[in-house]
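Student: Based on the hints, put chains B and C in the right spot on chain A.
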Amino acid sequence: MEKVSILHLITAASNASPFDVNMAFDAGFDKLMPYTSVGLDEISALTQDAIFSRSPSGVKREALFFGGRDISLAVDMQEMAKKAMFDPFSVSTMTDPSGAFTTSGALIAKISQHLAHTHDALSKQTIAIFGASGAVGSTSALIVAAQGAKAQLVAHGDVGEMQKHADMLKKKYGCKFEVVAGASDEDKIKLLQTATVAITAAPTGVRVLEAKHYQDSSSLKVVADVNAVSPSGIDGVDAQFDGNKVGNTTILGIGALSIGQLKYVTQQKLLQQMLLGEKPVHLDYNHAFKIACDHS
Amino acid sequence: MEKVSILHLITAASNASPFDVNMAFDAGFDKLMPYTSVGLDEISALTQDAIFSRSPSGVKREALFFGGRDISLAVDMQEMAKKAMFDPFSVSTMTDPSGAFTTSGALIAKISQHLAHTHDALSKQTIAIFGASGAVGSTSALIVAAQGAKAQLVAHGDVGEMQKHADMLKKKYGCKFEVVAGASDEDKIKLLQTATVAITAAPTGVRVLEAKHYQDSSSLKVVADVNAVSPSGIDGVDAQFDGNKVGNTTILGIGALSIGQLKYVTQQKLLQQMLLGEKPVHLDYNHAFKIACDHS
Amino acid sequence: MEKVSILHLITAASNASPFDVNMAFDAGFDKLMPYTSVGLDEISALTQDAIFSRSPSGVKREALFFGGRDISLAVDMQEMAKKAMFDPFSVSTMTDPSGAFTTSGALIAKISQHLAHTHDALSKQTIAIFGASGAVGSTSALIVAAQGAKAQLVAHGDVGEMQKHADMLKKKYGCKFEVVAGASDEDKIKLLQTATVAITAAPTGVRVLEAKHYQDSSSLKVVADVNAVSPSGIDGVDAQFDGNKVGNTTILGIGALSIGQLKYVTQQKLLQQMLLGEKPVHLDYNHAFKIACDHS
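Residue numbers (the working numbering), protein chains in the order written: chain A, 7 to 302; chain B, 7 to 302; chain C, 7 to 302.
Okay, chain A solo, but in the shape it has when bound (with noise of 0.2 Å):
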């Protein structure tokens, strides 16, 4: 008889999210367990503990899921799992910090498939992130770094924050970062007059974006908006945009709702990825964004 599926959700927040909670039920896990509090430290134990309490073909019907809020710790904690294991003594792992990676892969996906309708492509587009110090606007900024886009982190208040930022993802990731200011009117024009696409993932409740900030500008194709509560990220985006003009203007918008059902399947593809192949898998934003562009 076949084992039950059990996911074991690692978490360094206080408690599992009821967001990946369902998500992993409506994939098909059978049995889910929360560990949380849990400290990088605590990773081989647990992965250990997980592993070796299963026949190889246990194995292959579990999985560990590392959410929490900070994505750095997260991909560690993935990175640890993974050097704990032993051949045949291996699960699949995913990583989705606050659901960062399948919410960036989708956004992404969704910029990519607006900007290929004229024949266009993600890694020719200068992409300005705002909320670029965030879990969704920094995954965002490694996805479009490494199709080769020029990622510009725009920073709404001190500038050298912002850099500092930039520093620790290129340390980290590899990725090279442009950091320009975006405090004020001024600085949010004049980066709009050359970025080609513009990212709003700030905070809740925060209108971002103006229509003054971006009419005038000649070079921006697409804006989208990770923002689900009004009032949006960018005056003019509705929630529902999917490549929508945005007011009198030629710049296709991307809404929060329509990023959201992509970002939904994404999640649900890569939870059900764990549990179908032969082979264990490991998943982080990068397949995020590569299932996100099959399904969009």
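Think of the hints as simulated: they come from the structure by calculation, not from any bench. There may be inaccurate statements among the hints.
Identical copies look the same in the list; a pair holds intra-copy or inter-copy alike.
[Unchecked claim] With a straight-line Cα cutoff of 20 Å, these simulated SDA-like cross-link-like pairs (lysine to any residue) come out:
1) K196 x R213
2) K275 x K296
3) K156 x Q274
4) K9 x S63
5) K9 x A33
6) K9 x Q278
Tutor: For chains B and C alone, coordinates are given in the frame of chain A:
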């Protein structure tokens, strides 16, 4: 295929209650997930994570349960959760901190049932509540006050402290309560000369009422005790009592096991209500009382 | 319809062990619920919550598992839980902190099995235990002492500290232990000239015994090591050893994987025992040893 049913068990305490866990599984929930040491400020995010991760057909198979030990906090959590929902992304909720809502609902339903045998009504009673600062005592006061009865919160210590508690309940729930002194034998004898019903909801192991306190009362009709562990809270009231006469008096006694059996049924029915309906329901002590009346 | 089977996983540690989680699901429990950072003073209330929420037919399909890292605390929790039960509201319990009870049971059963090949008995042995202050070392000492063997707790550091540990074990479990010095090469060589069995249960990565320590012993018959990660605790004892001769000696070696396989079977059988019987069972290291003997 029907989605699995998921109950998110949310508590301010450091762990879920095994009572609620067993009841929820036996009521038919397929999956439970505990969220512990949760603060009121985390409820909106948890709720939105819970609703935005399932389709409209999925949210019908999902509910939030608020436990913990603090009835006001649990009620506030439920209110906060309801405010965080947007149709059609809305799930059922239920509040039952320390089981106090279902216990109180069953307790008052039992009293009402035995009063009805003599065509008497709850609304006409003067109800002395011992242990009134506790979860069951406070909730019982809220239920009987809402039914139009005169609720007396008996102070076993400082009357001023109980008055503060009464003021808090009044401010929060809009019900009015009388505070009466009940520390000494004389106090108890005196207040039971006008009370028509007495409830003891003191901590386990405290004998609240002796025979000398109630045996000469000409007003008392029903006494009820929620303490299942010996000694009972009222001398002469056995845990099995279900309207039996107390000692040589004509007072009807209700014991903890009779209340407990109805509490069990009440909690089960409430949990099942969250799964059965087409529309989400939001259940608290008022619903517990109503369901308990239907099944007593 | 049969009630779902529920295992309440109770631990003083901050999370459940994925090992226990996997084992419990694979043993056939339908549902698990973790209770973490639990104190001894919470056990009575948790237990009564667990038993009073199911019917007598329900409690047969329910059990409590005490994990954590501290064997004395786990044993105390189990005792406390048993005292909080009232027939017929009684559920099965099992204690296996850090897997130490099932590991020790399997370890000693393996030693007993290989002694039996030469018609030798555990009760006649002098058993030197390295790592005796740890969970597996301490439990192994308790098991062999209960079988009538002479258990020697080897002090790798201060002898006085190990004597305190021996005194604690004696006071709590009523068994008597000898404490021997084992810090230096000379100490080890000397004590292995009278010991007939040596057990190494030191932390991972510590090479406890070199060939020079045991190769000239005329008393040693069996050596066993519980450390699955290289280097093994005893030079010349491979993790796969199951009674193989160590180096050029006639000493029989038992390695960590042989012990681990029997530990796995032992834990599974114990978990299943809690579900199969009509009457509740309360399982600890004694039952683990017995089951391990039956399956070795």
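Student: If a hint holds in the structure, say so; if it does not, say that too.
Tutor: Now the hints, each set against the structure:
{"no.": "1", "hint": "K196 x R213", "verdict": "within (18 Å within a copy, 65 Å between copies)"}
{"no.": "2", "hint": "K275 x K296", "verdict": "within (11 Å within a copy, 44 Å between copies)"}
{"no.": "3", "hint": "K156 x Q274", "verdict": "neither (30 Å within a copy, 55 Å between copies)"}
{"no.": "4", "hint": "K9 x S63", "verdict": "within (8 Å within a copy, 27 Å between copies)"}
{"no.": "5", "hint": "K9 x A33", "verdict": "both (16 Å within a copy, 10 Å between copies)"}
{"no.": "6", "hint": "K9 x Q278", "verdict": "both (16 Å within a copy, 16 Å between copies)"}
The structure fails hint 3 only (numbered hints given earlier).
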